[in-house]
Amino acid sequence: MRIKEHPLLEFKKGNKVNFQFDGQTLQGFEGEPIAAALHAAGVRVLSRSKIHQRPRGFWCAIGNCASCNMRVNGVPNVRTCTEPLREGMVVETQQGKGELNV
Amino acid sequence: MYRAEVLVIGSGPAGLMAALQAADRGAKVALVERDAHLGGQLLKQTHMFFGSKEHYAAERGFKIAENLDAAVKDHPGIEVFEDTTALGYYEDGVVPLERGKKILPAAYDALIMATGAQENTLLFPNCDLPGIYGAGAVQTLMNVHGVVPGNRVAMVGAGNIGVIVSYQLLQAGVAVPAIIEAMPDIGAYHVHASKVRRMGVPIYTSHTVVSAFGSEQLEKIVFAEIDEKMNPLPGSEQELDVDVLCLAVGLAPLTEILFQAGCQMAYVPELGGHVPLRSDTFETSVPGIFVAGDAGAIEEASAAMVEGKIAGMAAAAGLGYGKEQYEKDLANAREELAKLRNGPAGAITRRGLEKLPHPGEVSG
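Quick note, the sequences are listed as chains A and B, same order.
Using numbering that gives the first Met the number 0, the final residue of the first sequence is 101, and nothing's skipped along the way.
Using numbering that gives the first Met the number 0, the final residue of the second sequence is 363, and nothing's skipped along the way.
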């Protein structure tokens, strides 16, 4: 959910863009972190743990902890809490440590 | 090879002040920030600072960041690298800077580590469920990106961060049904705590989270009263339906690169964990490497700014810049820092600093 009115802050957002999340089309704002756009769209499970496949969400928001790592445009381990959203991005829930298709 | 006289890693309150101070004295400074914006945690701080006017009292963090951002970018002596990660510290002292998938190796005469801190977590069953977030992360999501973390948030920690973030959640229209604090007393400034209480948020002291529940994401927590040994009292458990649990249970210094550089470290819980030994001018045991802000000891942003100032002036003085004013400026800055730590809120830091040896006092 997005904050519509705030007593102190104004949120300057980029253009509205479409992106893919596990096959669905979602909308977000260009330049905001991918994880923020997903969160605003109600998506909170971002990856699965390596051994027990437990759901993983956002944790530190500063690109430090790896909890939000996802596959973006085919590249695994993208820190979605800091990676800016772009039009047409293909974002996927990451399973385990991710595989790089070379 | 890129060359700077003073390389500053991290552009939070400490790094910004260090860069400005060193450059004002004539050093050629490079300021490196892995985020797309300068300011570090100041960017998400919407509350007014306490203290005296010279420490930005009554100013809000994000406004301070805006002003310092403009000051460093306008400064002819500072080159700013945003979206750039200092990847490590090589044996020859070179710091590789990663920007846009390219590596720029950087050399320098003095290095200031202002890498900040990471949030602590708590262990309880299902503490890894999505919906359980650090308080800093909630502030970033909400105050920088304008997205609320959920509908109902339980807060753990009634220190300044827990209470201030609870207030910010209320400002953003989110319900906060409980603040849960393990200590018998509220750690936050009373003005903040009474504000959230007046807004109807109960603060449960001597309580802790026992367990979290939810299949794919957080749906419910159970919390309970605890005794002096932190054991839950049977029969005191309460259930609370929440979709977010926000943890404000302290910070730990981000010290990987200090360890890598071979700085002598000590474990001092009062300062947040493993911290580098440092001199009165914030020089570590490795000559020419300085530390400032939370990377050296967890404190408030106002203290981090003064530490940055001291490290910046000392690094510049070591290179021969600003020598004539140095002793006087240093004495003034040290006095400022002592004043900031002087209240009851600074007692833990003071105790920690007494335990921390100076470089050279221990071997190894």
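The set of hints was computed from the structure by calculation and includes no laboratory data.
No experiment lies behind these values; they were computed from the predicted model shown.
A portion of the hints provided could be inaccurate.
Once the Cα atoms are required to be at most 35 angstroms apart in a straight line, the calculated DSBU-like pairs of lysine-lysine come out as [stated by the list, open to error]:
{"#": "1", "chain 1": "A", "residue 1": "LYS3", "chain 2": "B", "residue 2": "LYS194"}
{"#": "2", "chain 1": "B", "residue 1": "LYS338", "chain 2": "A", "residue 2": "LYS15"}
{"#": "3", "chain 1": "A", "residue 1": "LYS11", "chain 2": "B", "residue 2": "LYS62"}
{"#": "4", "chain 1": "B", "residue 1": "LYS62", "chain 2": "B", "residue 2": "LYS338"}
{"#": "5", "chain 1": "A", "residue 1": "LYS11", "chain 2": "B", "residue 2": "LYS27"}
{"#": "6", "chain 1": "B", "residue 1": "LYS100", "chain 2": "A", "residue 2": "LYS11"}
{"#": "7", "chain 1": "A", "residue 1": "LYS3", "chain 2": "B", "residue 2": "LYS327"}
{"#": "8", "chain 1": "B", "residue 1": "LYS101", "chain 2": "A", "residue 2": "LYS96"}
{"#": "9", "chain 1": "A", "residue 1": "LYS11", "chain 2": "B", "residue 2": "LYS327"}
{"#": "10", "chain 1": "A", "residue 1": "LYS49", "chain 2": "B", "residue 2": "LYS72"}
{"#": "11", "chain 1": "B", "residue 1": "LYS322", "chain 2": "A", "residue 2": "LYS15"}
{"#": "12", "chain 1": "A", "residue 1": "LYS96", "chain 2": "B", "residue 2": "LYS194"}
{"#": "13", "chain 1": "B", "residue 1": "LYS101", "chain 2": "A", "residue 2": "LYS11"}
{"#": "14", "chain 1": "B", "residue 1": "LYS72", "chain 2": "B", "residue 2": "LYS327"}
{"#": "15", "chain 1": "A", "residue 1": "LYS15", "chain 2": "B", "residue 2": "LYS27"}
{"#": "16", "chain 1": "B", "residue 1": "LYS100", "chain 2": "A", "residue 2": "LYS12"}
{"#": "17", "chain 1": "B", "residue 1": "LYS62", "chain 2": "B", "residue 2": "LYS322"}
{"#": "18", "chain 1": "A", "residue 1": "LYS12", "chain 2": "B", "residue 2": "LYS322"}
Pairwise CB distance ranges, derived in the manner of DEER restraints [what the hints assert, rightly or not]:
{"#": "19", "chain 1": "B", "residue 1": "ASP82", "chain 2": "A", "residue 2": "HIS51", "range": "28 to 36 angstroms"}
{"#": "20", "chain 1": "A", "residue 1": "ASN100", "chain 2": "B", "residue 2": "PRO95", "range": "45 to 53 angstroms"}
{"#": "21", "chain 1": "A", "residue 1": "GLN23", "chain 2": "B", "residue 2": "HIS357", "range": "55 to 63 angstroms"}
{"#": "22", "chain 1": "B", "residue 1": "LYS101", "chain 2": "A", "residue 2": "GLY87", "range": "20 to 28 angstroms"}
{"#": "23", "chain 1": "A", "residue 1": "LEU99", "chain 2": "B", "residue 2": "ALA174", "range": "40 to 48 angstroms"}
{"#": "24", "chain 1": "B", "residue 1": "GLU326", "chain 2": "A", "residue 2": "THR92", "range": "14 to 22 angstroms"}
{"#": "25", "chain 1": "A", "residue 1": "ARG53", "chain 2": "B", "residue 2": "ASP240", "range": "19 to 27 angstroms"}
In this text, a Cβ means the ideal position worked out from N, Cα and C, and glycines have one as well.
- Is LYS11 of chain A within 35 angstroms of LYS27 of chain B, Cα to Cα? OK: LYS11 of chain A and LYS27 of chain B at ~33 angstroms, within 35 angstroms.
- Holds or violated: LYS3 of chain A with LYS194 of chain B, Cα cutoff 35 angstroms? 23 angstroms, holds
- Message: So if I understand the rule, the pair passes when the alpha-carbon distance is 35 angstroms or less; does LYS15 of chain A with LYS27 of chain B pass?
- Response: 41 angstroms, violated
- Given the hinted pair LYS12 of chain A and LYS322 of chain B, is their alpha-carbon gap at most 35 angstroms? Given pair LYS12 of chain A, LYS322 of chain B is violated - Cα atoms ~46 angstroms apart, limit 35 angstroms.
- Item | Outcome of range test on Cβ distance (LYS101 of chain B, GLY87 of chain A; 20 to 28 angstroms) | Given a distance of about 24 angstroms, which is inside 20 to 28 angstroms, the answer is holds.
- Message: Can you confirm whether the C-alpha distance between LYS62 of chain B and LYS322 of chain B stays at or below 35 angstroms?
- Response: 32 angstroms, holds
- Hey, LYS100 of chain B versus LYS12 of chain A, does the alpha-carbon distance stay inside 35 angstroms? 26 angstroms, holds
- Message: Within 45 to 53 angstroms: is that where the Cβ-Cβ distance between ASN100 of chain A and PRO95 of chain B falls?
- Response: 26 angstroms, violated
- Query: Range hint 55 to 63 angstroms: satisfied by the CB atoms of GLN23 of chain A and HIS357 of chain B?
  - Reply: 58 angstroms, holds
- Query: Straight-line Cα separation of LYS322 of chain B and LYS15 of chain A no greater than 35 angstroms?
  - Reply: 53 angstroms, violated
- Has the given pair, LYS3 of chain A with LYS327 of chain B, been kept, meaning a C-alpha gap of at most 35 angstroms? 50 angstroms, violated
- Task: Take a quick look at whether LYS101 of chain B and LYS11 of chain A sit within 35 angstroms of each other, Cα to Cα.
- Result: At roughly 29 angstroms apart (the allowed maximum being 35 angstroms), LYS11 of chain A and LYS101 of chain B satisfy the hint.
Hint compliance for this structure: hints 2, 7, 9, 10, 11, 12, 15, 18, 20, 24 are broken, all remaining hints hold.
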